[in-house]
Amino acid sequence: DVKVTQSSRYLVKRTGEKVFLECVQDMDHENMFWYRQDPGLGLRLIYFSYDVKMKEKGDIPEGYSVSREKKERFSLILESASTNQTSMYLCASSLTGGGDIQYFGAGTRLSVL
Amino acid sequence: GQSLEQPSEVTAVEGAIVQINCTYQTSGFYGLSWYQQHDGGAPTFLSYNALDGLEETGRFSSFLSRSDSYGYLLLQELQMKDSASYFCAVPGGGNKLTFGTGTQLKVEL
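Residue numbers (the working numbering), protein chains in the order written: chain A, 2 to 114; chain B, 19 to 127.
Please keep in mind that the hints were generated in silico from the structure rather than gathered at the bench. By construction, the Cβ of each residue, glycine as well, lies at the ideal position given by its N, Cα and C atoms. Don't take each hint at face value.
In the DSBU-like style, the derived pairs of lysine-lysine whose C-alpha atoms are separated by at most 35 Å in a straight line are [what the hints assert, rightly or not]: (1) A:K19 to A:K56; (2) A:K4 to A:K54; (3) A:K4 to A:K14; (4) A:K58 to A:K72; (5) A:K4 to B:K99; (6) A:K4 to B:K124; (7) B:K99 to A:K54; (8) A:K72 to A:K19; (9) A:K54 to A:K14.
Here chain A is said to cover these stretches of chain B; the calculated rule only asks that three of the stretch's residues, wherever they fall, bring their Cβ under 8 Å from a Cβ of chain A [unchecked claim]: (10) 80 to 94; (11) 115 to 125.
All chains should be modelled from the sequences, with the hints used to inform the complete structure.
Here it is as structure tokens:
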């Protein structure tokens with residue numbers, strides 16, 4: 002079974018802090034994704050990566066950056082956390098792109114105070 | 019760009035059949051996916067339709083009409099455990115998926 006592991010289930014941070022969300026997948030997938038999920042807004046893509054050191058902006062990249070130094074690991078970085086970044090963050094991976102199945106992690110619920 | 023529209027909430031009784039609709043607007047179309055997400059859980063893949071017609075997988079079926087830019091997820095013999103949010107999604111530019119805002123299905127006794 003594909004496993005996508007997010008480092009934290011719950012996280013509480015202060016405004017202005019630098020926040021790292023980590024995601025690891027164990028199936029040698031090429032593509033990895035970061036989404037945020039807010040009530041009534043569905044899943045919105047922040048960034049994705051189709052290869053090591055490659056990244057592309059999604060629909061809402063402002064205030065975020067990402068890092069993919071190894072194929073299995075994809076990190077989401079909030080350079081200076083703000084209260085409007087309080088949300089559920091979901092990581093996913095897929096072998097190929099497009100309509101290929103995306104496998105999701107359990108999510109990290111981030112609260113910025 | 020891509021946009022998808024689905025109802026925000028659907029309620030049905032146990033044992034019934036329910037249909038969750040999804041209409042989409044895309045600049046190029048490659049298929050329609052469906053995902054299920056239980057409260058507090060991760061989204062999980064249900065089905066993918068690249069061609070017109072009905073695809074059946076057990077109690078769940080998914081339908082696509084490319085000419086109408088429309089699809090639906092059909093759940094039969096509803097069970098309490100089917101209470102969840104259901105998202106339709108379409109491939110976007112590059113390797114990404116664009117998700118709809120989700121339909122919360124409530125199954126009642």
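Comparing the hints with the structure gives:
no.: 1; hint: A:K19 to A:K56; verdict: 20 Å, holds
no.: 2; hint: A:K4 to A:K54; verdict: 21 Å, holds
no.: 3; hint: A:K4 to A:K14; verdict: 27 Å, holds
no.: 4; hint: A:K58 to A:K72; verdict: 18 Å, holds
no.: 5; hint: A:K4 to B:K99; verdict: 23 Å, holds
no.: 6; hint: A:K4 to B:K124; verdict: 28 Å, holds
no.: 7; hint: B:K99 to A:K54; verdict: 40 Å, violated
no.: 8; hint: A:K72 to A:K19; verdict: 23 Å, holds
no.: 9; hint: A:K54 to A:K14; verdict: 27 Å, holds
no.: 10; hint: 80 to 94; verdict: violated (count 0)
no.: 11; hint: 115 to 125; verdict: holds (count 6)
Taken one by one, the earlier hints fail for this structure at numbers 7 and 10, listed in ascending order.
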